Amino acid sequence: LAKTTQPISMDSYEGQEVNITCSHNNIATNDYITWYQQFPSQGPRFIIQGYKTKVTNEVASLFIPADRKSSTLSLPRVSLSDTAVYYCLVVSLQGGATNKLIFGTGTLLAVQP
Amino acid sequence: EPEVTQTPSHQVTQMGQEVILRCVPISNHLYFYWYRQILGQKVEFLVSFYNNEISEKSEIFDDQFSVERPDGSNFTLKIRSTKLEDSAMYFCASSGSLAGGKYEQYFGPGTRLTVT
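Line by line, the protein sequences are chains A and B.
Once you know that position 85 of the first sequence is 85 in our numbering, the rest is easy, because the numbers rise by one and skip nothing.
Once you know that position 43 of the second sequence is 43 in our numbering, the rest is easy, because the numbers rise by one and skip nothing.
Each hint should be verified, as a subset may be incorrect.
Okay, derived cross-link-like pairs now, DSSO-like style, lysine-lysine, Cα gap no bigger than 30 Å in a straight line [claimed, not checked]:
{"no.": "1", "chain 1": "A", "residue 1": "Lys3", "chain 2": "A", "residue 2": "Lys54"}
{"no.": "2", "chain 1": "B", "residue 1": "Lys57", "chain 2": "B", "residue 2": "Lys78"}
{"no.": "3", "chain 1": "B", "residue 1": "Lys83", "chain 2": "B", "residue 2": "Lys42"}
{"no.": "4", "chain 1": "B", "residue 1": "Lys78", "chain 2": "A", "residue 2": "Lys52"}
{"no.": "5", "chain 1": "A", "residue 1": "Lys69", "chain 2": "A", "residue 2": "Lys54"}
{"no.": "6", "chain 1": "A", "residue 1": "Lys52", "chain 2": "B", "residue 2": "Lys42"}
{"no.": "7", "chain 1": "A", "residue 1": "Lys52", "chain 2": "A", "residue 2": "Lys69"}
{"no.": "8", "chain 1": "B", "residue 1": "Lys78", "chain 2": "B", "residue 2": "Lys42"}
{"no.": "9", "chain 1": "B", "residue 1": "Lys83", "chain 2": "B", "residue 2": "Lys57"}
{"no.": "10", "chain 1": "A", "residue 1": "Lys69", "chain 2": "B", "residue 2": "Lys83"}
{"no.": "11", "chain 1": "B", "residue 1": "Lys57", "chain 2": "A", "residue 2": "Lys69"}
{"no.": "12", "chain 1": "B", "residue 1": "Lys42", "chain 2": "B", "residue 2": "Lys57"}
{"no.": "13", "chain 1": "B", "residue 1": "Lys78", "chain 2": "A", "residue 2": "Lys54"}
{"no.": "14", "chain 1": "A", "residue 1": "Lys3", "chain 2": "A", "residue 2": "Lys69"}
{"no.": "15", "chain 1": "A", "residue 1": "Lys52", "chain 2": "A", "residue 2": "Lys3"}
{"no.": "16", "chain 1": "B", "residue 1": "Lys57", "chain 2": "A", "residue 2": "Lys54"}
Chain B is nowhere near these chain A residues, computed Cβ spacing over 10 Å in every case [what the hints assert, rightly or not]:
{"no.": "17", "residue": "Asp11"}
{"no.": "18", "residue": "Glu14"}
{"no.": "19", "residue": "Gln16"}
{"no.": "20", "residue": "Val18"}
{"no.": "21", "residue": "Asn26"}
{"no.": "22", "residue": "Thr29"}
{"no.": "23", "residue": "Gln38"}
{"no.": "24", "residue": "Thr53"}
{"no.": "25", "residue": "Ser61"}
{"no.": "26", "residue": "Ser70"}
{"no.": "27", "residue": "Thr72"}
Calculated directly from the structure, the hints in this document are not laboratory data.
Note that the structure is a prediction, hence the values are computed from the model and not measured.
Glycine included, every Cβ here is placed at the ideal spot set by N, Cα and C.
Can you make the complete structure from the sequences, with help from the hints?
This is how it looks when you write it as structure tokens:
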């Protein structure tokens, strides 16, 4: 599985758009990019997944350039409740095998009033 | 919305004791996982389980650990003889079919295990 690199921490203010970029230089053809969110003392929660170009859901957008060596999670107009750790993961969807998630250290987003 | 549940939320045990952590995955899911997170550290994969057998396990998952799906709803993690370094938050997760192009693991709220 491709190793991911993302900033350790980011600061933002309420109402701002936050973009967290992740690099995954060795991503393989069958790999998808997935982002999870984790609040303190809670389990990680799926945010969004993409393969290429742009994906948007009710929570976030995910931008993936053509070479797929990086991706950017965009959170529009963050609030205090968006303070959490955000993980970028690469997941292989090849075949029917179970797919473990390999978590890095993630990005701690701190939203201030 | 369906969710993964775990019991107990907090377990305190003495070193050398056996503990069983329990999970109820989402009912139509086929793949089950255990992860752990030591305080202040990253989430670590322990084991995956499919079709009533272990699919993959990490180096952490040694002979002291075992998993079981004793009935159609529960998924358990047993630690035979706990050590101080087993103190961590243990998360159960489940996922459904890989079809449809979306892959998501649903995590439970965790069991905080404290070994004294």
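Results for each hint:
1. A:Lys3 / A:Lys54: Roughly 21 Å between the alpha carbons, so the hint for Lys3 (chain A) and Lys54 (chain A) holds.
2. B:Lys57 / B:Lys78: holds (14 Å)
3. B:Lys83 / B:Lys42: Since the Cα atoms of Lys83 (chain B) and Lys42 (chain B) sit roughly 19 Å apart, the hinted pair holds (cutoff 30 Å).
4. B:Lys78 / A:Lys52: Cα-Cα ~40 Å, so violated.
5. A:Lys69 / A:Lys54: holds (14 Å)
6. A:Lys52 / B:Lys42: holds (27 Å)
7. A:Lys52 / A:Lys69: This hinted pair holds, its Cα atoms lying about 10 Å apart.
8. B:Lys78 / B:Lys42: holds (21 Å)
9. B:Lys83 / B:Lys57: holds (19 Å)
10. A:Lys69 / B:Lys83: violated (41 Å)
11. B:Lys57 / A:Lys69: holds (28 Å)
12. B:Lys42 / B:Lys57: Roughly 17 Å separates the two Cα atoms, so the pair holds.
13. B:Lys78 / A:Lys54: Given that 30 Å is the threshold and the Cα spacing comes to 42 Å, the pair is violated.
14. A:Lys3 / A:Lys69: Answer holds: Lys3 (chain A) to Lys69 (chain A) is near 11 Å, not above 30 Å.
15. A:Lys52 / A:Lys3: holds (18 Å)
16. B:Lys57 / A:Lys54: Distance of about 34 Å is beyond 30 Å: violated.
17. Asp11: The claim stands: Asp11 (chain A) keeps its Cβ more than 10 Å from every Cβ of chain B (closest is about 20 Å).
18. Glu14: Per Cβ check, Glu14 (chain A) is outside 10 Å of chain B; nearest 27 Å; holds.
19. Gln16: At roughly 27 Å from the nearest Cβ of chain B, Gln16 (chain A) sits farther out than 10 Å, so the non-interface label holds.
20. Val18: Holds, since 21 Å exceeds 10 Å.
21. Asn26: holds (19 Å)
22. Thr29: Non-interface label stands for Thr29 (chain A): nearest chain B Cβ at 15 Å, farther than 10 Å.
23. Gln38: Violated, because the least Cβ-Cβ distance between Gln38 (chain A) and chain B comes to about 8 Å, which does not exceed 10 Å.
24. Thr53: holds (14 Å)
25. Ser61: The claim holds: Ser61 (chain A) sits with its nearest Cβ about 16 Å from chain B, beyond 10 Å.
26. Ser70: Fine: 20 Å to the nearest Cβ keeps Ser70 (chain A) off the interface.
27. Thr72: holds (20 Å)
The structure shown violates the earlier hints numbered 4, 10, 13, 16, 23.
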